[in-house]
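Asks: One line per chain: the protein sequences are A, B and C, in this order. Quick note on numbering: the first sequence equals residues 1 to 458 in UniProt numbering. Quick note on numbering: the second sequence equals residues 1 to 458 in UniProt numbering. Quick note on numbering: the third sequence equals residues 1 to 458 in UniProt numbering.
Hints are computed from structural coordinates only; laboratory data are not their basis. Please note that the accuracy of each hint is not assured.
The list makes no distinction among identical chains, and a pair is therefore deemed to hold if it is satisfied within one copy or across any two copies.
In the EDC-like style, the derived pairs of lysine to aspartate or glutamate whose C-alpha atoms are separated by at most 20 Å in a straight line are [said to hold, decoys possible]:
no., residue 1, residue 2
1, Lys323, Glu436
2, Lys427, Asp275
3, Lys209, Glu436
Residue strings, one per chain:
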Amino acid sequence: MAGSPRRAAGGRLLLPLLCLLFQGATAILFAVFVRYDHETDAALWHWGNHSNADNEFYFRYPSFQDVHAMVFVGFGFLMAFLQRYGFSSVGFTFLLAALALQWSTLVQGFLHSFHDSHIHVGVESMINADFCAGAVLISFGAVLGKTGPAQLLLMALLEVALFGINEFVLLTLLGVKDAGGSMTIHTFGAYFGLALSRVLYRPQLEKSKHRLSSVYHSDLFAMIGTIFLWIFWPSFNSAPTTLGDGQHRTALNTYYSLTASTLSTFALSALVGGDGRLDMVHIQNAALAGGVVVGTSSEMMLTPFGALAAGFLAGTVSTLGYKFFTPFLESKFKVQDTCGVHNLHGMPGVLGALLGALVAALATHEAYGDGLQSVFPLIAEVRRSATSQAVYQLFGLFITLMFAIVGGSLGGLLLKLPFLDAPPESKCYEDQLYWEVPGEHEDEAQGPLRVEEPDTQA
Amino acid sequence: MAGSPRRAAGGRLLLPLLCLLFQGATAILFAVFVRYDHETDAALWHWGNHSNADNEFYFRYPSFQDVHAMVFVGFGFLMAFLQRYGFSSVGFTFLLAALALQWSTLVQGFLHSFHDSHIHVGVESMINADFCAGAVLISFGAVLGKTGPAQLLLMALLEVALFGINEFVLLTLLGVKDAGGSMTIHTFGAYFGLALSRVLYRPQLEKSKHRLSSVYHSDLFAMIGTIFLWIFWPSFNSAPTTLGDGQHRTALNTYYSLTASTLSTFALSALVGGDGRLDMVHIQNAALAGGVVVGTSSEMMLTPFGALAAGFLAGTVSTLGYKFFTPFLESKFKVQDTCGVHNLHGMPGVLGALLGALVAALATHEAYGDGLQSVFPLIAEVRRSATSQAVYQLFGLFITLMFAIVGGSLGGLLLKLPFLDAPPESKCYEDQLYWEVPGEHEDEAQGPLRVEEPDTQA
Amino acid sequence: MAGSPRRAAGGRLLLPLLCLLFQGATAILFAVFVRYDHETDAALWHWGNHSNADNEFYFRYPSFQDVHAMVFVGFGFLMAFLQRYGFSSVGFTFLLAALALQWSTLVQGFLHSFHDSHIHVGVESMINADFCAGAVLISFGAVLGKTGPAQLLLMALLEVALFGINEFVLLTLLGVKDAGGSMTIHTFGAYFGLALSRVLYRPQLEKSKHRLSSVYHSDLFAMIGTIFLWIFWPSFNSAPTTLGDGQHRTALNTYYSLTASTLSTFALSALVGGDGRLDMVHIQNAALAGGVVVGTSSEMMLTPFGALAAGFLAGTVSTLGYKFFTPFLESKFKVQDTCGVHNLHGMPGVLGALLGALVAALATHEAYGDGLQSVFPLIAEVRRSATSQAVYQLFGLFITLMFAIVGGSLGGLLLKLPFLDAPPESKCYEDQLYWEVPGEHEDEAQGPLRVEEPDTQA
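Take the sequences, apply the hints, and build the full model.
Replies: Structure representation (structure tokens):
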């Protein structure tokens, strides 16, 4: 490390201070506001007259655990495809998601479960907090490798708050349906991240281009993320839906949609690939688009065929996006999208919102029977027609895009604050700025690799 | 890539066309035939008078998710032990299983749940489709590295159909019990793959021998597959059994059997290993034989001791098979079995079928009480004696072997079609024929490795 | 391998003989003593008059599977951080845990569920056996790389027996509460391993120091372990608690505690790290301390704030322990703690026991309502005051420390038996002593690396 000037004390203290400040603040807010709900509180639960089998825990906890695995294993390892950024991909995912779980418990709690001056928490708040963490990690994917951990914490602080408000507007004020979050999670997370990345545009990122690729093993680590996201996506979309047929149908639709996006991704990847070869970037990402695209509609009577068609379309659009649109996005719109979240979450999310509006427009009493009450309560109560519900769905998409783009732009300005820990353009996608990094091989492992210094230029 | 002639357009279009054709066909069949069952359909579920807690989803979905993880994470990574075939192992597992889920939904649906001109789907069809995908992946293990993706898709098309018919003959026509699929999944998948590999015998495979081994990290990736298969196997065997004590007992028996196969595998591996050293091939595979061997009998009153004894035997046979029988299989029978599926699925599957017959023969009203109805309904209804049930079990094994060997041989002939994408003998076990492959290390990663051309010789 | 003298036949046969002897003994004991309990036995279950939905399986099996994943995936890969010890970390975890599951089924069965001359097993015994395996793996972490597999089997034999007795004394004789095992699992496992490591102190371990570090990829494998432990820890603590609000609250508290330990670990790691850099050792381990520290108290009315505060404290103590206390432990106390189990399990376990005593002391009828019966039955039945319960909790900690330290010391003496398979001091942390090891790269992979010989010096 000779010749490498030490970071200023301020830079070194930034991350610890932010973590401690944040943890202190949420702890105080938890002490004042957060209480067990009637299913987790010993006194409240035993006061009622119900069987333990009625506890919501048994209906939602297995799905929660699958969602939890997607957020921490899935997103974390999916982003570990970069050759020199695996520690940061997995590690900052861990940090950001941990923070988001606490902070969104508060934000969502104030908006959704604030009664008698207290936020009441249980397995549903755990699922919702994980969903919010998912949106933050989608945005992380857009700026992966170009931001420091302190910047990311500030991004999460802002994004969690806006996520909660947007979700509240859609689900509560507008009566929009979006169980698996095509809008609230995927569209919001993607466009927030893309807007933020636009504001942080780095004209000389070419200097780090040699690190913006995978090596053989890093692609296999990324496939761990892909596969865990893929297998558990049926639980993701079904975790918050109504019990019984609702969860069951949502899981089934998502399962079929993902098989179709996988087939279309393999087909398109080979079709557009050099010499007919498959591209790991497509397989790792676009194959998942089937989960995104049915995020809104999978709880509806989409039909198994509808699920296949939606998944097929999403895989196709997503693969073509990786091949043709991502370069265009950078050259024309100055949006540098490291993980291609526009292709995996952005376009499929918007498609999913449109599909949700379409399926809502087709809702009839005949198709849903008495189940209409649980899927579209406002239609069942004759307070809204199916067409009107569809218009609300479209309006929800519009609102989400506004929140995401304005919010992400504000976030970008915030992250440009000069005292933050942005990496210099020549040291992007590089773990060594933030981590003690061992060598690649046994003989190198005794001493750390040569370490250069982060600038504070943003 | 200078000097490397480009593939003919036909070769390059083969995989995309097959994927698209297949997806188009299943989508049409889904549109015409596949409908939600009464537990996933909003109108049908709410028509009945039941609690949401009664929905089959809550009894089987957690097990389904474990099975799903086994199929995609377990099989995929288990086969990633090869040093240069990780992308294909994980990626083609993904592709084949996605296709098998759709196609077996149709095949199994026509045979098992076709009422009123429609196939009705729910969590049980999801589990059964995953089981069928498991059989396809077992066959994939036999031909791993020696077949192209288009060949594999054709294999899956044929195998899924035969799997469904064989399963129908056994479970429905013959009243054979085989919850965890010692016969229908493991024996069938293994001998189908071995017969197919026999027909595709490559006399000069020696040319690719240097790639038929692991490197340090690829063995650790394979252990991810092993461990996920191992931990979730109790869910695999119990996922389709009768509710209550049936699922509970099946999971418990499988759990004990696996501990015993692990101990015997470690013992035997060190015993036959050079200088007492353990061999990763044994640990990765034979330790799992305990799950295979109780696939038929774990739902029966096998007793915990019986589970230990069965697992111990299976681990022993499997380890010895890897050490002594696999080379013999190639030299004498011209069967090249890349993953040793004969040792992990073939022999333990047959043993499991025999064990199932034995335990069925010992079934008494005393041991099963009123539970006899759920395990052996034909015995409980006095339509069959226990001995007769055992004979039917043995007959089921015979049928399965016939279907597998004849079907696999036909499959081999099909895969020899000259326009398919078989790798040349000097380029087996090599990702670069089918994938864009980055380098192994940072300095190589900027350009792809040298790429040679696949011949179309099969 | 020229020039490498072959091991004596005795050395080579040691591991196989131990495995076979052990498996024979447990099989006999299983045959004589182990029977299905009334929820897994076909006759017994169907004799009663209950719905299948009442079967304990549906309340605990999903949590069991998460615990199972933690034990085999979590612990196994967490210890795979060493550059040349991945096979042993994952493989011996597999072997030890398989053995512990069988053996602790017997030990715990004799102590907890022995009726009518038989041990009765079901999903609760599966969970308890996995817990015991967890304690064994914690101890393994202390001696990782410095012991052979035969030594480890003997350690497990002794430790499982003592674990069962200690647990029996605490939970049954003293009426101590410890659902998630802050005392019975973490404190016991850590101090047993540390005492054992003390007895096996190796003054010249410096000779193997160059292997006592990670490489880039091994740290990512270790993060697989970390993340699976982290996400499933809520299931670990809640798996054995009372149904309903008990499981629900326990999972929720653990979830919050882990988010706080993650934040404090990142803060402290950057604070004490060279130039503000994060250290993977801290992130991989200390971030998990939040799960350990609420092992006793998470089923109590800890409050969400209490969970955050506890997690924060544990992450802080654990990170500082890795930075400052581990070197001190070796230099002053001659305790070589490979994985730092003192920091992850030892100190947070003791803190968790103290926290449990504190929260027990604060238990009131008002806070728990009728739920007091399920959390503190002795207080509810007025057989003990809350203060008295707290004193029993503290006494339980004392007993546990005694059992662990005395037991671990005895274990160390046992493992010093000269005919065992301890590695020489210059070949610690090295897979090649016990495994056939392929090369790191393609060109090396055709032949094994040079292999040297283990001494039998302990």
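Asks: It remains to establish, for every hint, whether it holds in the given structure.
Replies: Evaluation of the provided hints:
1. For the identical chains of this complex, lysine 323 and glutamate 436 are inter-copy neighbours only, at 14 Å across copies versus 35 Å inside a copy, given an alpha-carbon limit of 20 Å.
2. When the C-alpha separation of lysine 427 and aspartate 275 is checked against a cutoff of 20 Å, the pair qualifies only between copies, where the shortest distance is 17 Å, while the shortest distance within a copy is 33 Å.
3. For the homomeric pair lysine 209 and glutamate 436, the shortest alpha-carbon distance between copies (18 Å) is at most 20 Å, but the shortest distance inside one copy (22 Å) is not.
No hint from the list above goes unmet by this structure.
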